[in-house]
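Enquirer: Those protein sequence lines, which keep their order, are chains E and S. Quick note on numbering: the first sequence equals residues 1 to 114 in our numbering. Quick note on numbering: the second sequence equals residues 115 to 228 in our numbering.
Please note that a few of the clues may not be correct.
[Stated by the list, open to error] Below, in silico cross-link-like pairs of lysine to any residue (SDA-like), each with a Cα-Cα straight-line distance of 20 Å or less: (1) S/Lys220 - E/Thr20; (2) S/Lys223 - E/Arg70; (3) S/Lys220 - E/Pro39.
[What the hints assert, rightly or not] In silico negatives: residues of chain S with every beta carbon more than 10 Å from chain E: (4) Gly157; (5) Gln159; (6) Lys166; (7) Gly219; (8) Lys220; (9) Ser225.
[As the list claims (entries may be wrong)] A partial selection of chain S residues facing chain E, derived with a Cβ cut-off under 7 Å: (10) Ala174; (11) Asn215; (12) Leu216.
In short, the hints are calculated from the structure, not lab data. Yeah, the Cβ is synthetic: ideal placement off N, Cα and C, and Gly gets one too.
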Amino acid sequence: SAVISQKPSRDICQRGTSLTIQCQVDSQVTMMFWYRQQPGQSLTLIATANQGSEATYESGFVIDKFPISRPNLTFSTLTVSNMSPEDSSIYLCSVETGTSYEQYFGPGTRLTVT
Amino acid sequence: DAKTTQPTSMDCAEGRAANLPCNHSTISGNEYVYWYRQIHSQGPQYIIHGLKNNETNEMASLIITEDRKSSTLILPHATLRDTAVYYCIVRVANYGGSQGNLIFGKGTKLSVKP
């Protein structure tokens, strides 16, 4: 398994601002992912964070709104840009190791946009 | 869209076995069945996965029908801490490509009662 931490754990932000969420893993991992969970809903995949190249975004998510960085095999960031109240969600990162096909999730970042 | 169908909710008495069903009638030959759970306000937790044979680990057992069109997750002795939303997901076990992504449906809300 992998131990994943996210910062911040929660934040309240003003509309129009941006927030960068950090995801740190305790070991090198092949794949890192970012998900969004809107209130009362299930998880939706935003993008796959690729090391050394641009992230791969799912339908409905664009780089200008959710820029992602992955500078190495243990760290990634997700920025929520130009926020609106509709961006209020829990944002989770997850990782998949190179030795199994199990995906492990971080504790999430609870974002409220006012 | 999720490729699985699960009951919206289930109740289970503490100490009894919890049997959570999942239908995945369109599963492909190279797709695995994965189970995750999400305890309130936490990130999803990997439970178990399997291809066609029954699987058991320290958390649960996974029973997959011979035609692979349905499966059952069994928590042998449910405790109050097992109260969570349980997600059944089918996916290809590989790295890269959208087929390997986890697509979360609405899951089954399991309530374990004293």
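Enquirer: Work down the list of hints and note, for each, if the structure agrees.
Expert: Right, here's what the structure says about each hint:
1. Between the alpha carbons of S/Lys220 and E/Thr20 the distance comes to roughly 28 Å, so the proposed pair goes past 20 Å and is violated.
2. With a C-alpha separation of about 34 Å, the suggested pairing of S/Lys223 with E/Arg70 is violated against the 20 Å cut-off.
3. Only pairs whose Cα atoms come within 20 Å are accepted, and S/Lys220 paired with E/Pro39 is accepted, the gap being roughly 13 Å.
4. Annotated as non-interface, S/Gly157 brings its C-beta within 10 Å of a C-beta of chain E; the closest such distance is 3 Å.
5. With a cut of 10 Å on Cβ distances, S/Gln159 falls inside the contact zone with chain E, its closest approach being about 7 Å.
6. At the 10 Å boundary, the C-beta of S/Lys166 stays outside the reach of chain E, the nearest C-beta of that chain being 15 Å off.
7. Against the 10 Å criterion, S/Gly219 falls within the reach of chain E, whose nearest CB is about 6 Å from its own CB.
8. The claim that S/Lys220 lies off the interface is violated: its Cβ sits roughly 6 Å from the closest Cβ of chain E, which falls inside the 10 Å cut-off.
9. For S/Ser225, the shortest C-beta to C-beta distance to chain E comes to about 17 Å, beyond the 10 Å cut-off, and the non-interface label holds.
10. The beta carbon of S/Ala174 is not positioned within 7 Å of any beta carbon in chain E (closest approach about 14 Å), and the interface hint is therefore violated.
11. Of the supplied interface hints, the one on S/Asn215 holds, with its beta-carbon coming within about 6 Å of a beta-carbon of chain E, less than 7 Å.
12. Taking 7 Å as the C-beta contact cut-off toward chain E, the hint placing S/Leu216 at the interface holds, the least distance being around 6 Å.
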